[in-house]
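Based on the provided sequences and hints, a complete structural model is requested.
Going by numbering that gives the first Met the number 0, the sequence shown opens with residue 0, and the numbers climb by one from there.
Some hints could be false.
[To be verified] With a cut-off of at most 25 Å between alpha-carbon atoms, the simulated BS3-like pairs for lysine-lysine come out as follows:
1) Lys103 x Lys257
2) Lys132 x Lys268
3) Lys115 x Lys318
4) Lys103 x Lys115
5) Lys260 x Lys99
6) Lys260 x Lys103
7) Lys103 x Lys268
8) Lys161 x Lys176
No lab work stands behind these hints, which were simulated from the structure alone.
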Amino acid sequence: MAEPRLDMEHEEKNPLDAAPAPAEEPEKNPEENYAVNDEGTEADMVKKSEENKEKRAKKNKEKEKKSNPKTIMVDGKEVSLKDLLKDYKELSDGSPKLNKFQRKAIRRYHREEMLKPYQAELIRMQKYLEVNKRRMIILFEGRDAAGKGGTIRRVTRYMNEKHYRIVALGKPTEHQKSQWFFQKYIAEFPRGGEVVLFDRSWYNRAVVEPVFGFCTDEEYNNFMRGVTGFEKDLVRQGTVLVKLYFSVTREEQARRFKRRKTDPLRQWKLSEIDVQAQDRWDDFTRQKYEMLKRTHTNGAPWTIIRSNDKHGARLNAMKTILNAVPYDRGNKDLDYVPEPDVVISGAREKELMDAQLLKLGRFIG
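Structure (structure tokens):
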């Protein structure tokens, strides 16, 4: 029997071998990821790109501003570097205007510092009065713009407010006019352990009132006859009485009035009486002379403070006040002696005025 012939055409094949090889996918371009799939996608990407650019620019600008600031903070206040550099240049160039301002500020600072040891002594003096239940009255009299108010502020700056008072009485009421003249002042007198500072006092009747006709001749003469006895009783009963008269020259008073007129911070100080003070200078001087002549006594003397130099007047007024009270001084090294060219007695001032009258036929001031 013949063997069957193998038909190669009909040979069974592996299906895997028969399947065609899959086609190789082409490599995608990365830019095709941004292909436009729908409307607006490309525009959004452009917008986002622009926003990123703006953010980077803003960040760089802030970084540059921090590294090169146009302003800096000084004492909590934003200050222009340009202005600071300008000020520095003027200082380094020796600007006369700035140097003058600096010198004035430094001088004022040192003067205030010079007062502090005496202000500390005033606190000790006040404590002595408090412990010993002593009463003290300080009268501040003098020409207008002579520095009375400024001195009072320096004297009381560090004192215990519970144990001092500043009294500045205004125009008397109709009720006060019907009273005994001293009554309105007595109502303000100190209790034991207290200091009362009168910014102008009963001596208005000796000087201001007669000059402006605010009192009659009889009222003036009654006051001048009675005031020394009134003060003698005060001192005899234990009250420490200090009478200060601040004296400026006519030229210095005029300069200070001019400043009051132009300085808005000082205009409130300028009164109608101030306006007439220069015109009535000689009248005020005559009344001052009579006051010293008739009311300067051993028990209640006048102390004249030359006050053209405000600092010198304040310092020497403090010395005068401290010397009036026998307290235990804390600072033994301080100079408590008043300067003779600033502080003189009322008796000596009267002698000088007598000499002026004899030589010139009139008083100077």
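Open item on the list: Tell me the hint numbers this structure goes against, listed in increasing order.
Closed with: 2 and 8
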